[in-house]
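For this one, chain X is given, so just place chain S on it according to the hints.
Spelled out, the chains give:
2 protein chains.
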Amino acid sequence: VTLDRGLGVAAPAGFGATGVACGLKPSGELDLAVVVGLPGTVAAGVFTTNVVVAAPVAWSRARLAASADARVVVVNSANANACTGPAGDEAVLATARRAAAELGCRPEQVLVCSTGVIGVPLDAERVADGVAKAAAALGGAGSGQGDGQAAAEAIRTTDTVAKQAGVVLAGGVTVAGMAKGAAMLAPAMVPPPAPTRPAGQGAPGGHATMLAVLTTDAVAEPAALRAALAEAAEATFNRITVDGAQSTNDTVLLLASGAAQARPHPDDLADAVRAVCHDLATQMLADAEGATKVISVHVGGAGTLAGALAVARRVADSPLVKAAAYGGDPNWGRILQAAGTAGVPFDPAAVRLELGGAGPAGPVAPAVLVRSGAPTGAEAGANAAMAAPEVAIRLHLGGPGPWGCVRTADLTPEYVRLNADSTT
Amino acid sequence: VTLDRGLGVAAPAGFGATGVACGLKPSGELDLAVVVGLPGTVAAGVFTTNVVVAAPVAWSRARLAASADARVVVVNSANANACTGPAGDEAVLATARRAAAELGCRPEQVLVCSTGVIGVPLDAERVADGVAKAAAALGGAGSGQGDGQAAAEAIRTTDTVAKQAGVVLAGGVTVAGMAKGAAMLAPAMVPPPAPTRPAGQGAPGGHATMLAVLTTDAVAEPAALRAALAEAAEATFNRITVDGAQSTNDTVLLLASGAAQARPHPDDLADAVRAVCHDLATQMLADAEGATKVISVHVGGAGTLAGALAVARRVADSPLVKAAAYGGDPNWGRILQAAGTAGVPFDPAAVRLELGGAGPAGPVAPAVLVRSGAPTGAEAGANAAMAAPEVAIRLHLGGPGPWGCVRTADLTPEYVRLNADSTT
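In order, the protein sequence lines correspond to chains X and S. Under the working numbering, think of the first position of the first sequence as 4, with each following residue one higher. Under the working numbering, think of the first position of the second sequence as 4, with each following residue one higher.
Only chain X is shown next, with the shape it has when bound in the complex (with noise of 0.2 Å):
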């Protein structure tokens, strides 16, 4: 499986997908991506697990819940309809109407999903008239045409570069997506209906407004889609985070038009949309807001993979690792500090950290720096992994248990001043 960041949206069999300004962007830059596949199109997704959650969150969880029977995608960027009130269901009602009216489908078949500030009521009728726009373009019913790279462009909030990734089977079957996420990135997203216990306190963690959409012209079955889709998610997107806030709006949806008349095995169209989400993943990490480096932080040895992936995320939320990673400074100390707080129970004497790192003259050879609990004196070592662009962190507890890996930026003087003047 090759992956291609070429591939888009519309690169399946089936879909058509486009991107129009409707005037929510005050720039005049594209701000709503449609989606639509042919006619029998199923559909999977999985939502955010904040308690609160934006108007679109609650529609499409919903029409999922109730049946795969969906078909369109309507994304705009540049309000959240989150915090919105009644107001927002009924932009979200009126604008799953209007999609259909346009596209030749019923209003449960349009999932919608939006991303941008919270709290600010969004302009139904500029986003209905961005939907007339799109569907004129797509020529009214989706069959296979449209421009996948102006959807990815429009779902845009403050992604520097639009991100798309596909891959092609050996039997002809494309799976290929589009996403966006640069900050308010920690997602936790499981599939519908909606939790009855908030993630946050019985799961290992998880904690941006991502968006992603994939579609694919395989034949597949709703159940093997939704296992395809939370697993993926699951194993890529849960395990990133920017600065560990989860949004109200974290959304990523799988669309299967069979067009392209092959069933592929469903191991293997696992593989494929892990192998989407998981570059996709890898590019919204890399475009995370004032990023300068990414940091790979593997935990092994906590009992379950629950309790690694939970020192692991602790270890990658920590405000002072992610300076010091910023910094290039070999401040160890802080990884352990950061892992003692997961509430996860370790032998501290049993403990080994291993730093390592990648840059562009190669790989940067890792270095011991704590066996046994105790310091080993390596701080060159720790210098130099600390310095490079990518850095990787290498934790073991001493205990049982698999390895868990969660992915994370460095935080900068820049991500404070994006988000201290950016009602975003």
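Keep in mind the hints are simulated off the structure, nothing from the lab. Check the hints yourself; a few may be wrong.
Stated by the list, open to error - These stretches of chain X come out as covered by chain S in the derived footprint (C-beta under 8 Å, 3 or more residues):
no., stretch
1, 46 to 55
2, 73 to 83
Said to hold, decoys possible - Calculated from the model, a selection of chain X residues having no Cβ within reach of chain S, i.e. all distances over 12 Å:
no., residue
3, Ser30
4, Arg266
5, Ala278
6, Ala341
A quick note: this is a predicted structure, and the numbers were derived from the prediction, not measured. In this text, a Cβ means the ideal position worked out from N, Cα and C, and glycines have one as well.
Leaving out everything else, chain S in the frame of chain X:
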């Protein structure tokens, strides 16, 4: 009860204190504090719930779990003696032995605290020399002599000012103390013994090194002392957070000499201890690394106090809320976003959000921004509140239960810079 920031650890009768330079700070500044109580002094303490604890925490916690019979405190700055392996434990033992020999007590009566960089071996000889120097200055055994201000100076790391506070009760009893802490500051301290289960998960949260030493000349039973300190720490230090990073070294000690020969009512003693702790916590927040303002997050209607504090902590630890406060950006949607990630269920449609504040010109009139989950459009009020030096967030979740408050500081480019290039 009137607070007096001129009162420090040597103010209560029966205590001596001083600060000396022993060479841990390359600048040659004061870096070792010694506090000594008269024979018969009893002590209580609360300690970090981090799984990874510094060698001095392990020592002092074990001493106070075994007995309240302790009358000497040695605090060094510039090195946390954490993640230092068996050599770290040896350094603590050597310090306690030297202090006991110099000051005429048993090593078990010596409590030790450290703060500074993690993972660097502590030079125990310098500390021992410093202890000898301090003992000489104090005249051998604690006798009400000494310089509390020098002790408060000696425990500083990145603190820009020394922090002291004290009160004198009606009966002539004094409670006073010193503290340090400016980052890696999110204490969640409990009394000894070591918790069998780390607090990170079961507790509502909590996560700088902060150190505080309080003294009183009251006659107090060890049980009353322990209760007063535990309650005060929970209600004050444990409800501030600079960066969500619970240190390996957080410690608060309270020593009672009995030299005033007066036994206040336990409630009066508890009130005095709490007032001193509250003021020291306030001074820490005002001196938070890089901070330009303080933020109080009040949450009510979460069902329980624990729930209210968990939600308040998520908001107080949100980099997006804190960066918005720095910028004076009225991006209140981030408050609700963060609130929804605490694992505490509530009905978003029942939420009420009010922003107020205070500045040099007096209080900023509170503005109701969200009522019944919907925006009110009071953006002018949000602008004024977020621009104030003291921001007050009041979020009611619509359910029953008391209000709880977690206090924090804003997140600034300077905080990132300070933590990017300093191995502190």
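| field | Given as non-interface: Ala341(X), which should sit over 12 Å from chain S by C-beta | value | 7 Å, violated
| task | Go check the stretch 46 to 55 of chain X versus chain S for me, would you? Three or more residues, Cβ under 8 Å, otherwise it fails. | result | That given contact holds, which follows from 3 residues of the stretch 46 to 55 of chain X lying within Cβ reach (below 8 Å) of chain S.
| field | Distance rule for Ala278(X), whose beta carbon must clear each one in chain S by more than 12 Å | value | 29 Å, holds
| task | Please settle this one: Ser30(X) was flagged as non-interface, so is its CB more than 12 Å from every CB on chain S? | result | 19 Å, holds
| Outside-interface status for Arg266(X) - nearest CB in chain S farther than 12 Å | 39 Å, holds
| request: Test coverage of the stretch 73 to 83 of chain X by chain S using CB-CB distances below 8 Å; three residues minimum. | output: violated (count 1)
Comparing the model with each earlier hint shows violations of hints 2, 6; every other hint is respected.
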